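Q: Protein chains in written order, with my numbering: chain S, 1 to 522; chain D, 1001 to 1324.
Treat the hints with care, as some may be off.
[As the list claims (entries may be wrong)] Sample of chain S residues at the chain D side, in silico, Cβ under 7 Å:
1) R347
2) R348
3) I364
4) A365
5) D371
6) P380
7) L382
8) L392
[As the list claims (entries may be wrong)] Quick list of simulated restraints, FRET-style, between CB atoms:
9) G1304/D x R352/S: 47 to 53 Å
10) T422/S x I1204/D: 16 to 22 Å
11) G1132/D x M503/S: 51 to 57 Å
12) P1125/D x P109/S: 15 to 21 Å
13) I1204/D x D467/S: 26 to 32 Å
14) K471/S x V1136/D: 55 to 61 Å
15) I1021/D x A130/S: 46 to 52 Å
16) L1178/D x S273/S: 53 to 59 Å
Think of the hints as simulated: they come from the structure by calculation, not from any bench. Values in this document were obtained by computation on a predicted structure and should not be read as measured data. All C-beta atoms in this analysis are idealised placements derived from N, C-alpha and C, irrespective of residue type, glycine included.
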Amino acid sequence: MSQVTAGRPEIPGGQPVQPPALELRDISKSYPGTRALSGVSFTLRRNQMLGLVGENGAGKSTLLSIINGTVRPDTGTIAINGEAVGFGHPTEAARRGVATVFQEQGLIPTIPVFENIFLGREEKFSVAGALRRRAMIAEARAVLDELEIDVSPTALTGTLSFGQRQLVEIAKAFALARVYPVEPIILLDEPTSALSDHEAAKLFDGIKRWRARASFVLVSHRLADVFAACDELVALKDGQVVDQRPVDSIDETGLHELIVGRQRNAEYYREASQREPGERIVLSARNISKPGHLRGVSLDLREGEILGVAGVLGSGKSTLAKIVAGAEAPSEGEVSVGDNTLRRGSRRDAIRHGIGFVPAERSIAGIIGTDTIDWNLTLPNLKQIGLGLLGLISPSRSRALTAEWIRRLRVRAPGPNVACRTLSGGNQQKVVFAKWLARGVNILVLDDPGRGLDVGAKEDIYALMRDIAEKGGAVLLVSDNLPELIGLSNRIMVLRNGQVSAMIDAPKHAKPREVDVVSAML
Amino acid sequence: MAAQPASAAKATPDIDLRTIILPIVAIVVLIAYFTWVNPLFFSSANALNIGRQSSVLLMVALAGTIVILIGSIDLSVGALVTLTGILVALSVDRFGVLGATLVGVGVGGFVGLVNGLLVTQLKVPSFLVTLGMLSVLSGVANQISQGQSILFMDSTLPDLVNGSYVLGVPNVIWFALLSTAILTIVAFRTKLGRYLYALGGGEIVASHAGVPVTFYKVLAFVLSGAICGLAGVMLTGQVGAGTPTAGSSLLLNSIAAVVMGGTALSGGIGGPHRTFLGVLVIAILTNGMDVTEVNSFTQDIVKGFVIILAVSLTIDRSKYAFIK
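Just need the whole structure built from these sequences, with the hints factored in.
A: This is the structure we're talking about:
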């Protein structure tokens, strides 16, 4: 970790040193049930590009929100250009030149570019309440020209391409910094996620030019971005900085290991209880294709097997999970259970054949937050609790079923009638599992089941998966988390650009190394 | 009116107790105030009055609740009551009470089906579909009636609706109460009910759980329409004629009642039992202002403010990303 300095240090007998553009020291932030950041310190030197890398949930977004003032840290200090700042409000951050280029863009599509550039700071152009439109356009054009951004200030923002809008956001940051005037610190949050390679290259070219007049922090899933654009990188893991180092001192595989590289703990993944899969194939997928996502992917899932699916973001692994579970229809190929070919894209048919699905986006696809545990758990199980002449649901049977699963999966909740949105992520996830286990499914499709969960909850869920496999159930485990995949799976299928790039065996006493999996992913 | 109808309020997805206490507090406060101004307000005769005046509103609000529960909205309810009311008046002499009821409920259900299909198949937001339908239905109702009340000879229907067969309480009140009870049971004790809540609370979750989403969405609109048809029958029986303006105040009052009761416009929270309370608030407020001789223009102003106040206190803001 680099030396953290405060104030304006002097080299003995030498010139005053330029203070760093941004300096974070001991930043911690907790949310109910999770510690998002603990003791994070790093330094962004002036006119540098710093890459912030880490897994989902490592704390990157929280850190950006703290720097741009939308989230107040519990402890710690931030200094900008050597001056301590008391953040907690976006306008103070803005006044210091901090600007964020968001993943989900912060521009209003229905107004022209120049209005977006000066949005919220029109007072400079205001004469008795009316805006001097021409002056605004002229200044916007000056900013755009200076940055060599080829966009007309009067163009309607919504008509621009995504890449162009991103450039406008950057121009906005420069225009903002000009007002105060300070040198901008621009936070780029996944800027290339929606760009073509060509557009991304153009963006980074621009940044190289603009770096003489600004400092950047880049958050990106694409490690290639970090290598293309950054001088230094800070690796975050579980809310802590694991390393800050120059980019040219590490390669892509090394970086990946740095990000995911917690020691794989055989105990944690219950490796000792990993069983040999049976002979019987319970589910098979043949030649699954979906334009832009998957090309000719086939797989066989045996009884008692946990089949892992690895791949980088955009490799098609999530789409594969949805297709196997019937939540999305493939354009070609079929999924079959036993001798039955399932109807494409029909969850109903998949459920009838015993396929449970735990989706990645828990809050919109897994759990109904406004409903109780009882109602969530019984949603696909109403037949079990229907009773009496008119087939009316029996509230007592419903509650009993739910109470039983709360107990079995050790869901921490006061009772079956608690609204699910009041539960922690781990307990919500257990409810999603319970929903399917209560139905007696023998195949589970899991998309990143550990996402956002704390260690304890993950452990419970891993134990659950082992239990399912032990009883002859089969699990398709899609995950971003390599140690998890390696620790839990019998075999790991690696996807790259929508195709199977490797099938790696992972028997319990001869687990593959992360590098082996990573090299097939990249 | 009678106590809160049937069934397991315990197992409902209500989280915020405030949303159920508020309408009850409002009811108590309103009753106390109006009784203080005019003691005649607090009498069994006036209680029956309130019931008579709000039975049709309760039916319409129940219809609206079903659609609001799934997170959509049905703005055509009032106009549909008007139209079916006119059709009932036109058909009761020829087909009898049962036939006319079938006409009302059938047409109501059919209009609901059209609404539901437009929403789910053409993917037009329910707000716009049913706003258009409101205009269409009003136009058709005026076309048929030529703006005149439609009289009929039959006396069975008015007798059936206005008569008091049980405990001296007018039948129209019993119909509305029975409907509330049945729908409350449907909401909490049937697959249909659970699915409606699931659709409103999380459509993707529901579809992943194997709920045939489109079918149940359309069904919600069909039910809403059919109940409005029934309300049309009751209204025509009560008035003794089909009138082209009868349903005009129903839309606004019913939505106000639904929301005041605590059913969230975003869907998934609330239910028929809650709407019952909301209707009671509106009914008591309206009747109380009549009894205390507040003029009708002032009544609208007061009612408007009360609705805004009540809704601002009861809505669950965590469900709204933006307040628009």
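Q: Against each hint, give a clear statement of whether it holds in the structure.
A: Against the structure, the hints come out as follows:
1. R347: 5 Å, holds
2. R348: R348/S check passes; min Cβ-Cβ to chain D is 4 Å, inside 7 Å.
3. I364: 6 Å, holds
4. A365: 4 Å, holds
5. D371: This interface hint holds because 5 Å falls under the 7 Å limit.
6. P380: With a closest approach of 4 Å, the P380/S hint holds.
7. L382: With a closest approach of 5 Å, the L382/S hint holds.
8. L392: 4 Å, holds
9. G1304/D x R352/S: 47 to 53 Å: Holds - the Cβ-Cβ distance for G1304/D and R352/S, about 51 Å, lies within 47 to 53 Å.
10. T422/S x I1204/D: 16 to 22 Å: Since T422/S and I1204/D have Cβ atoms about 21 Å apart, the given range 16 to 22 Å holds.
11. G1132/D x M503/S: 51 to 57 Å: 55 Å, holds
12. P1125/D x P109/S: 15 to 21 Å: 19 Å, holds
13. I1204/D x D467/S: 26 to 32 Å: For I1204/D and D467/S the Cβ distance comes to about 27 Å; the hint holds.
14. K471/S x V1136/D: 55 to 61 Å: 58 Å, holds
15. I1021/D x A130/S: 46 to 52 Å: Cβ of I1021/D to Cβ of A130/S: about 50 Å, so the range 46 to 52 Å holds.
16. L1178/D x S273/S: 53 to 59 Å: At roughly 58 Å between Cβ atoms, S273/S and L1178/D fall inside 53 to 59 Å, so the hint holds.
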